[in-house]
Amino acid sequence: MMSSPYDHSGSNAWQGFCAQQQRLRLEKYRVWLLGGGVFLALFMTSAHLSHFSPGRIAEGLPKVHEYVVKILPEMGVTTFRDDMAYWFYAFPDWMKLLGETLLMAYVATLLGTLGALVLGFVAARNVGPNRWLTALSRRVLEVARTVPDLVYALIFVFAFGLGPLAGILAIAVHSMGASGKLFSEAIENIDLKPLDGLKAAGGNWVQGMRFAIFPLVLPSLVSYSLWRFEINVRTATVMGIVGAGGIGQELITAIRMLYYEDVSALILLIVITVSLTDMLCERIRHGFIGKENLS
Amino acid sequence: MTSLLRGEFSMTDIEHRHPEVFAVSWRRHWLQGVAWVTALAVLIYGLVLFDFSPVRVWNGLGQLGMLLRFMVPPATDPAVVWEFLKAIFETLAMAFVGTLFAALLAIPFAFLSARNVFRFRLGRFGVRRGMDFLRGVDQLVWALVFVRAVGLGPLAGVLAIIISDIGTLAKLFSEAVEGCDRKPGEGVAASGGSALQCTRFGIIPQVLPMFISSTLYIFESNVRSATILGIVGAGGIGYQLSERIRGHHWEEVATILILILVTVYLIDWVSGKIRGRLIEGE
Numbered sequence: 001m002m003s004s005p006y007d008h009s010g011s012n013a014w015q016g017f018c019a020q021q022q023r024l025r026l027e028k029y030r031v032w033l034l035g036g037g038v039f040l041a042l043f044m045t046s047a048h049l050s051h052f053s054p055g056r057i058a059e060g061l062p063k064v065h066e067y068v069v070k071i072l073p074e075m076g077v078t079t080f081r082d083d084m085a086y087w088f089y090a091f092p093d094w095m096k097l098l099g100e101t102l103l104m105a106y107v108a109t110l111l112g113t114l115g116a117l118v119l120g121f122v123a124a125r126n127v128g129p130n131r132w133l134t135a136l137s138r139r140v141l142e143v144a145r146t147v148p149d150l151v152y153a154l155i156f157v158f159a160f161g162l163g164p165l166a167g168i169l170a171i172a173v174h175s176m177g178a179s180g181k182l183f184s185e186a187i188e189n190i191d192l193k194p195l196d197g198l199k200a201a202g203g204n205w206v207q208g209m210r211f212a213i214f215p216l217v218l219p220s221l222v223s224y225s226l227w228r229f230e231i232n233v234r235t236a237t238v239m240g241i242v243g244a245g246g247i248g249q250e251l252i253t254a255i256r257m258l259y260y261e262d263v264s265a266l267i268l269l270i271v272i273t274v275s276l277t278d279m280l281c282e283r284i285r286h287g288f289i290g291k292e293n294l295s
Numbered sequence: 001m002t003s004l005l006r007g008e009f010s011m012t013d014i015e016h017r018h019p020e021v022f023a024v025s026w027r028r029h030w031l032q033g034v035a036w037v038t039a040l041a042v043l044i045y046g047l048v049l050f051d052f053s054p055v056r057v058w059n060g061l062g063q064l065g066m067l068l069r070f071m072v073p074p075a076t077d078p079a080v081v082w083e084f085l086k087a088i089f090e091t092l093a094m095a096f097v098g099t100l101f102a103a104l105l106a107i108p109f110a111f112l113s114a115r116n117v118f119r120f121r122l123g124r125f126g127v128r129r130g131m132d133f134l135r136g137v138d139q140l141v142w143a144l145v146f147v148r149a150v151g152l153g154p155l156a157g158v159l160a161i162i163i164s165d166i167g168t169l170a171k172l173f174s175e176a177v178e179g180c181d182r183k184p185g186e187g188v189a190a191s192g193g194s195a196l197q198c199t200r201f202g203i204i205p206q207v208l209p210m211f212i213s214s215t216l217y218i219f220e221s222n223v224r225s226a227t228i229l230g231i232v233g234a235g236g237i238g239y240q241l242s243e244r245i246r247g248h249h250w251e252e253v254a255t256i257l258i259l260i261l262v263t264v265y266l267i268d269w270v271s272g273k274i275r276g277r278l279i280e281g282e
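Chains as they are written, first to last, in the working numbering: chain A, 1 to 295; chain B, 1 to 282.
Heads up, a few of these hints could be off.
[What the hints assert, rightly or not] Using C-beta positions, here's what the derived DEER-type ranges look like:
hint: 1; chain 1: B; residue 1: F133; chain 2: A; residue 2: F80; range: 20 to 26 Å
hint: 2; chain 1: A; residue 1: L136; chain 2: B; residue 2: E186; range: 53 to 59 Å
hint: 3; chain 1: A; residue 1: G161; chain 2: B; residue 2: T76; range: 27 to 33 Å
hint: 4; chain 1: B; residue 1: F133; chain 2: A; residue 2: G203; range: 49 to 55 Å
hint: 5; chain 1: B; residue 1: P74; chain 2: A; residue 2: V68; range: 28 to 34 Å
hint: 6; chain 1: A; residue 1: Y29; chain 2: B; residue 2: F133; range: 41 to 47 Å
hint: 7; chain 1: A; residue 1: R81; chain 2: B; residue 2: P108; range: 35 to 41 Å
hint: 8; chain 1: B; residue 1: P74; chain 2: A; residue 2: V206; range: 36 to 42 Å
hint: 9; chain 1: A; residue 1: M75; chain 2: B; residue 2: L31; range: 40 to 46 Å
Just so you know, these hints were derived from the structure itself, not from any lab.
Just so you know, even glycine gets a beta-carbon here, dropped at the ideal spot from N, CA and C.
Make a model of the complete structure from these sequences and hints.
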């Protein structure tokens, strides 16, 4: 330290400050060390439990590569047309199944949204008709969204039989839970003055919801539902794995029966369909929100 | 205007003054009508095609009621419950390892698909489409593929989680990177910091909380989805669940469902706490 008129390194205050800083630094290191230790322990246990070891990975990766090479079709520049025709030999059937998948997602989203709309209004803490009903519908929505849709599908396949009906109901129940929560949150965040006005004019609960609350939350409801539709299209593509309809049935058959090239063709078709719906939904969503803001 | 101020305005008066506000837009009405009719027609077509007959739905609901009655009371045999708990831990382990590695592997791709970092447009487009591909295939399909490639067991599930979540996390991370402010980095540079110090003190403090928050969010989502990966043989509680459903052991199915519900609530709660703590702490 240079000695200057401003050098206070010998003063009590400065020494106190240094000690304080040292203490805080040690405290911080201790927290980081403890956190890091817990994290590492968790990681080691998890890696052990999930058979995730460098050896297994090194053993598995060449097999993954081998499989990917197997499912890719042979393509020649000169025979491109024939190769494509051979790769997508069942194209019309697959397109039909993809159409069925999209329709499943559409019907399920509409049914789920309808349920979510009703339960969402009841579950909103600020406008719910009755405290007990609100609590009850919140629990129903929680259970509906916590159980994964494929588990519902497994159970519904037993109750409703194999086919798209079970898949649609499974997706509908799950998306009712997921959207219902978002709807009730959207409703909880709005301005209640229009509702007060309606009540003052003598409207009942249903009228209040319909004319005071619904118009306010409509744009976000449409936006959520479109987003939900995108998710549901993805889910509908795998419903077939448990026998609940859609293109997944074809995919799991191809994988189980080792129709290698069909696997890549189907995955490609699914990815294209999912990407196209995502793009379309985004367009509609932007258009809708833009229009709502303008008018 | 003066009549308005005096409070004696009539609707017809206003309508005369601003006809454009009161004009009925037939084009808009017509478009809305067509949209409603199409939406409804597609719905009805779907309901008919998928045989949504009231009888079938009613019978199904009856059947479902019967299954629910079989589920009560849930199985409480300690040996069975312990077996399920082990499977739940395996599920959690899969989600944890999968999310961790997905997050680490997503970081380079995130920077490569961020507009303000990677200026080469064609390369960025390629990386983004690649991520879209990983995200576009459902996790369960990846699990099916990996079960074929590396055999039955949790490793296939972990790999499926890693691959599909690299896509999701790369997108979320790149949005965080694109949204970050350049000024702190410029400040570090202006006071003589190197490029490394600019990144360390200018960029990382901005994006790290968002990275951690989205990773935790994806972890919660993975705990849910890892419960079903077992249905295709990729480890975790899903395998037990689908076996019990196939074997009609409904009281054990009920136990598994309750365990899944409790686990998911606990994980959401813990992860919410950590998220709040870390983001405030930063």
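Here's how the hints hold up against the structure:
The given range of 20 to 26 Å is respected by F133(B) and F80(A), whose C-beta atoms sit roughly 22 Å from each other. Range check, L136(A) to E186(B): Cβ separation about 55 Å, and the 53 to 59 Å hint holds. Range check, G161(A) to T76(B): Cβ separation about 31 Å, and the 27 to 33 Å hint holds. A hinted range of 49 to 55 Å holds for the C-beta pair F133(B) and G203(A), which are about 51 Å apart.
Taking the beta carbon of each, P74(B) and V68(A) are about 43 Å apart, not inside 28 to 34 Å as hinted. Between Y29(A) and F133(B) the beta carbon distance is about 43 Å. The supplied range of 41 to 47 Å therefore holds. For the pair R81(A) and P108(B), the beta carbons lie near 38 Å from each other, so the given range of 35 to 41 Å is met. Distance hint check: the CB atoms of P74(B) and V206(A) are about 38 Å apart, consistent with the given range 36 to 42 Å.
Distance hint for M75(A) and L31(B): a CB-CB separation of about 45 Å, consistent with the stated range 40 to 46 Å.
Hint 5 from the earlier list is the only one contradicted by this structure; the remaining hints agree with it.
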